[in-house]
Amino acid sequence: MAAEEKLAALLERHREKILAQWLRELATATGASVRGRLAGDTVARQADEFFHAFMAALSSGNTNDVGGDEWKSVRTFLEQLSAERVRAGFSSEETATFIFSLKRGLFEAVSGDKGRGAAQVAEDLWTITELLDRLGLYSVKAFQRSREEVINRQQAELLELSTPVVKLWEGILALPLIGTLDSARTQVVMESLLQKIVETESQVAIIDITGVPTVDTLVAQHLLKTITALRLMGAECIVSGVRPQIAQTIVQLGVDLEGVTTKANLADALALAIKRTGRALAG
Amino acid sequence: MERIPILKMGEFLLVTIQVDLSDQLAMRLQDDLSQAIQRHHTHGVLIDISALEVVDSFIGRMIADISGIARILDAITVLVGMQPAVAITLVELGLSLPGVATALNVERGMHLLRRRLQREDGDELSGPR
Numbered sequence: 044m045a046a047e048e049k050l051a052a053l054l055e056r057h058r059e060k061i062l063a064q065w066l067r068e069l070a071t072a073t074g075a076s077v078r079g080r081l082a083g084d085t086v087a088r089q090a091d092e093f094f095h096a097f098m099a100a101l102s103s104g105n106t107n108d109v110g111g112d113e114w115k116s117v118r119t120f121l122e123q124l125s126a127e128r129v130r131a132g133f134s135s136e137e138t139a140t141f142i143f144s145l146k147r148g149l150f151e152a153v154s155g156d157k158g159r160g161a162a163q164v165a166e167d168l169w170t171i172t173e174l175l176d177r178l179g180l181y182s183v184k185a186f187q188r189s190r191e192e193v194i195n196r197q198q199a200e201l202l203e204l205s206t207p208v209v210k211l212w213e214g215i216l217a218l219p220l221i222g223t224l225d226s227a228r229t230q231v232v233m234e235s236l237l238q239k240i241v242e243t244e245s246q247v248a249i250i251d252i253t254g255v256p257t258v259d260t261l262v263a264q265h266l267l268k269t270i271t272a273l274r275l276m277g278a279e280c281i282v283s284g285v286r287p288q289i290a291q292t293i294v295q296l297g298v299d300l301e302g303v304t305t306k307a308n309l310a311d312a313l314a315l316a317i318k319r320t321g322r323a324l325a326g
Numbered sequence: 007m008e009r010i011p012i013l014k015m016g017e018f019l020l021v022t023i024q025v026d027l028s029d030q031l032a033m034r035l036q037d038d039l040s041q042a043i044q045r046h047h048t049h050g051v052l053i054d055i056s057a058l059e060v061v062d063s064f065i066g067r068m069i070a071d072i073s074g075i076a077r078i079l080d081a082i083t084v085l086v087g088m089q090p091a092v093a094i095t096l097v098e099l100g101l102s103l104p105g106v107a108t109a110l111n112v113e114r115g116m117h118l119l120r121r122r123l124q125r126e127d128g129d130e131l132s133g134p135r
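For the protein sequence lines, the chains are A and B, in the order given. Residue numbering for the first sequence follows our numbering, beginning at 44 and increasing consecutively. Residue numbering for the second sequence follows our numbering, beginning at 7 and increasing consecutively.
Honestly, the hints are just simulated from the structure, not real lab data. Some clues are possibly wrong.
To be verified - Simulated restraints, written as ranges between beta carbons of each label pair:
no.: 1; chain 1: B; residue 1: 100; chain 2: A; residue 2: 295; range: 53 to 63 Å
no.: 2; chain 1: A; residue 1: 244; chain 2: B; residue 2: 13; range: 17 to 27 Å
no.: 3; chain 1: A; residue 1: 191; chain 2: B; residue 2: 8; range: 52 to 62 Å
no.: 4; chain 1: A; residue 1: 318; chain 2: B; residue 2: 57; range: 31 to 41 Å
no.: 5; chain 1: B; residue 1: 98; chain 2: A; residue 2: 87; range: 55 to 65 Å
no.: 6; chain 1: B; residue 1: 100; chain 2: A; residue 2: 176; range: 27 to 37 Å
no.: 7; chain 1: B; residue 1: 38; chain 2: A; residue 2: 198; range: 30 to 40 Å
no.: 8; chain 1: A; residue 1: 192; chain 2: B; residue 2: 57; range: 12 to 22 Å
no.: 9; chain 1: A; residue 1: 195; chain 2: B; residue 2: 126; range: 35 to 45 Å
no.: 10; chain 1: A; residue 1: 227; chain 2: B; residue 2: 113; range: 27 to 37 Å
no.: 11; chain 1: A; residue 1: 295; chain 2: B; residue 2: 63; range: 50 to 60 Å
Where is the CB? At the ideal position from N, CA and C, for every residue including glycine.
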């Protein structure tokens, strides 16, 4: 066995052939969908880069553990590749195919080599399969992680973007709510509104729910909590923009909006708010 | 022993809570305030809690109790200057303090008290909201 060529050396010798085969595989496996989003030479460059790192790691002799130090550069490359592909809008399948389509080229190189015994060929093939499978899984994992990062960042941005507190008039604040209200968002909304009330010493807050698609018991409860907190601080609250369907839902759900002033639209709410503050200021 | 001062300002009583309210202190305030209402024949009490940053359920109930006691003694209580964090905490604790009047600051609170008392003088039938 010692007389036979090392796997890494063998593959290195067939480098050109393997790469050519791999690129052909990549082109047929992923086809037009990839070509549309990546420049032709990008794939070739990435393939070359990966192969280089792969060969360096393989020749280190560690063929069992892709989590080891020898494979660090390969892992880093895969992480970058996955992150890039997430941004470019690839699916996880397409990303993993990048690794798996290398198999054929490697298999052909090993099995086509005259100087190896059948047992050695089988062993080498097994090693390659194991390695590529693990690397493929790793790239999927990295892909998912990148995507989760994107989702988390977007969620955070959405949270900030979606809670503007607007000063409409002297002593009147408006909070136009857009999108579904969940507990986390309500918390942010409530805090920013209450904080603004303190800063501007406003007496009336108008919560406009025109942009809230559905109101269920939970959303209603969140709204009521905000309204109660406002009252505790000494401000009044008007809910505006209640659409007919939402009014029906609220009543059918049996949500008690007793003591909450509601108006059909923001204009009516503003008129009422001005009347209330005007009276309070004049009195 | 420390206690919270109760100031007489014209026809109203003004209580400013500027320290962390311990349970004992709150009990004492309740006691002092009910006697002060009686002694000064006052009809309006302003409680300024703008410096209060931490509340628990006990203090929350205490505030509601004080307001209830004052009402029985024929005085209206207005709670002023509650901080956002305190308001959120009370709501999460389920203490919405129904029946307690609130205002943003002492000035507005005073205003509210005057208006309520005027209305009561003018029309005995319309009680506090």
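Broken hints, by number: Hint check: 1, 6, 7, 8, 9, 11 fail, others pass.
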